[in-house]
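As they're listed, the protein sequences go chains C and X.
Following our numbering, the numbering of the first sequence begins with 1 at its first residue and continues without gaps.
Following our numbering, the numbering of the second sequence begins with 1001 at its first residue and continues without gaps.
I should point out that these hints are in silico values taken from the structure, not numbers from a laboratory.
The beta carbon of each residue, even a glycine, is placed where N, CA and C say it ideally should be.
Be careful, since some hints might not be right.
[Claimed, not checked] Not everything, but these chain C residues come out facing chain X in the computed CB check (under 7 Å):
(1) A145
(2) S148
(3) G154
(4) H165
(5) V180
(6) A181
(7) Q185
(8) L212
(9) S265
(10) L267
(11) D270
(12) L380
Here's the letter readout for the chains.
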Amino acid sequence: MTGPLAGIRIADFTIHAAGPFCTHMLSQLGAECIKVESAVRPDAFRKPHPVYGRMGPATFDQVASNKLSVRINLKKPQGVELAKQLVAVSDVAAESFRPGVLARLGLGFDALQQVKKDIILLSISSSGQTGPDAHFAGYAPLFGAWGSLGTLTGYADGPPVEMRHVMDHTIGLNGALAVVAALNQRRATGEGGHVDVAGREVAASLVGEALLMAASGLPVGRLGNDHPRMAPHGVYPAKGDDVWVSIAVGTEAEWRALVKVMGASALAADNRFATAAKRHDNREALDAAVAAWTATLPPEEAVSRLQAAGVPAHASWSTEEIVADPHLRERRAIVEVAEPDGRKRAAIGAPVRMSGTPDIGIVRGTPALGEHEDYVYGELLGLTRAQRQALQDEEVIH
Amino acid sequence: MRQEPSAAPLAGLRAVVSASGVAAAYAGRLLSVLGAETTLVEPPGGSPLRLEPPFLDAQGQASALFAYLATGASSQVCDLETEAGRKALGALLDAADIFVDDTPLAQRQARGLDQATIAKAHPQLVHVSVLPFGAIGPKADWKAEEINALHASGEGFLLPNGLTLELFPDRPPVKIYGNFSLMQGGIAAALGALSAVWARPQAGGQFVDISVQDAGLAVGCFAVQRYGDGSVENRHIRSFKYGGVIECADGFVELLTLEQRQWTGLVELLGRPDWATDPALADSLERSRQGAAINARLREWAKGQKVADVVSKGQALGVPLAKYAEPSDLLSNEHEKERGFFAPISVPGAGEVQSPTAPFRFRGAPLPLRGGPPALNEHDPARPASVPAGQGA
């Protein structure tokens, strides 16, 4: 693997979604990521769990792909020592426990710095490592609620909307960015440091303009699919059951192109729609006219006509359509991953393509628990077979 | 690049950003708050982002969106339709480490912005292209605004869920507020830029191709995983069976219990009513089966509760509960205050405004904001920051 981060090693103590997505992104960019779990405490997402009411497959395989797996029982003092040995040969340690847990285990930033002076420790949590709410438990929908992203999402006459995994994963993407910034700083200064990423702050960072408005005493609220300037702008029914087309008209040229594609010269002549401001004021009537047109066409037909005329449009895609898309396949945004049993499944690639360090992506699927201990404990840490066996007998490697 | 240990992570790095859209501009903001010296290159009339509502002033001059995205940057007007403008940009790029550009592919060559021209003139430069569908592939020339990008990457089709979907089952899918997908493109662009800077000693400068659709799809990856596991997600099945958005007497809370101990804490919070202590409900799958009945009870109970009480008592019992905070709440919360999440910036036309800093902290401190958004062509440090937008050229 010679991606841009080749040569970087991560000791990965993260669990659930946000942290593992972060280290998964870094691994796709070429970092060697060693995932630490144990039989007593496997990643909760490795086990089946009843999300959405079915004891179905856990959503683990994507973010575990590319990673090496070792077992360390952190409940045992020798396990903590083994974890320190791993950190000592790593550039980055990553964790997503509740604030304070890592220090109580004896693996806080100061302790890790003792074994690796320039270590970069990434901590991902719901509310950050400090502050009165630092102990709060949370998941993606709660981050969205705290950060007001969920509050602001929804129909104008409806309640807030829960954020889902995209919230976890944007926290992870921000974490990956922060880690690479810290690596660049380490190169410049020789110093590592503790990086603190808070889920609620990531949610808030995605509505920065609304926060500036609120700070100026100006009103902000839920807008549904409305845009503060563009009209038409929305999600319109296409021909079929639960199929939709998104359309956004931001310029005069796009407006003229839209009415031409629609064959709606009456709209172009209608004084209610003569300027961008008037179209926005009268967007309800405009939306009805656009919806009446889109409902006559399959979504892809409407979209290809609109894009050919220069109007921003895209069908509302289900996963089935995404996974089959030639464009995403060509970009390797969708890839096939082979599991150890030979089964293939679709997965997402890294959202970055690079000309000079192009080896980015997934090179192996989900690791079995402890699958890579020969390499990590044998080659990297230099433990003998006998030493490893003794640690297994004492349920340290367990 | 040498820097003091206490400096911001990217101190000493220089970024040039040519952005007419949110994705590239957000990459610029992230690089700027991380400490890079960031210059926004604008056409003579200014970036169209300066004209995007909502506005902080009655005259419609001070865009809140632009103020957020351009915080800490300087501005230099380069008319890329002219030789002089292209030369001025070239001089900026000579001194830069990163160039972020969202010019549509069809317009790049004429402006000297295509991959080959930039690579030849600036071999050590990290050239980051940010487009709705990326720089290669059959849709590389397609256009997309936020709502199109959200629906091209999967999450658009999957919202709303829970209470909103119960109330409005027949409405079109609803988008995430603001510019969620475009910002994912911006985060991916900043990540790609810094990864390329990291690799520069071995690889030299290089071209980094970012697609907003790819970035939105990446953060929505679990739907792809579930497809591989044999299930196609849609918003009608993607609801938690109980909990979710719950209305209290004075606002909404989010409740989500995924682990047994959290359910036990919730039963305590409710005061151990008979229905909740039914032994059948000790099983998580049974709770899911009875989700609608549980929610009816929870909603009835919550009607008489205050948000602050529910959250503080619930969290003390280990129950994941959060207030659906209004933006104004964040400005007054003790937590955000103690963490220094907001800092004042000066916005031309609107005065001093509290702005979010960054969603990550290094060495225990928030990243400082280095001024507000620039007036047009405001790149001389000696120039006062109060020049009204649009009059600085």
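A quick look at each hint next to the structure:
no. : hint : verdict
1   : A145 : holds (4 Å)
2   : S148 : holds (5 Å)
3   : G154 : holds (6 Å)
4   : H165 : holds (5 Å)
5   : V180 : holds (4 Å)
6   : A181 : holds (4 Å)
7   : Q185 : holds (4 Å)
8   : L212 : holds (4 Å)
9   : S265 : violated (23 Å)
10  : L267 : violated (20 Å)
11  : D270 : violated (23 Å)
12  : L380 : violated (22 Å)
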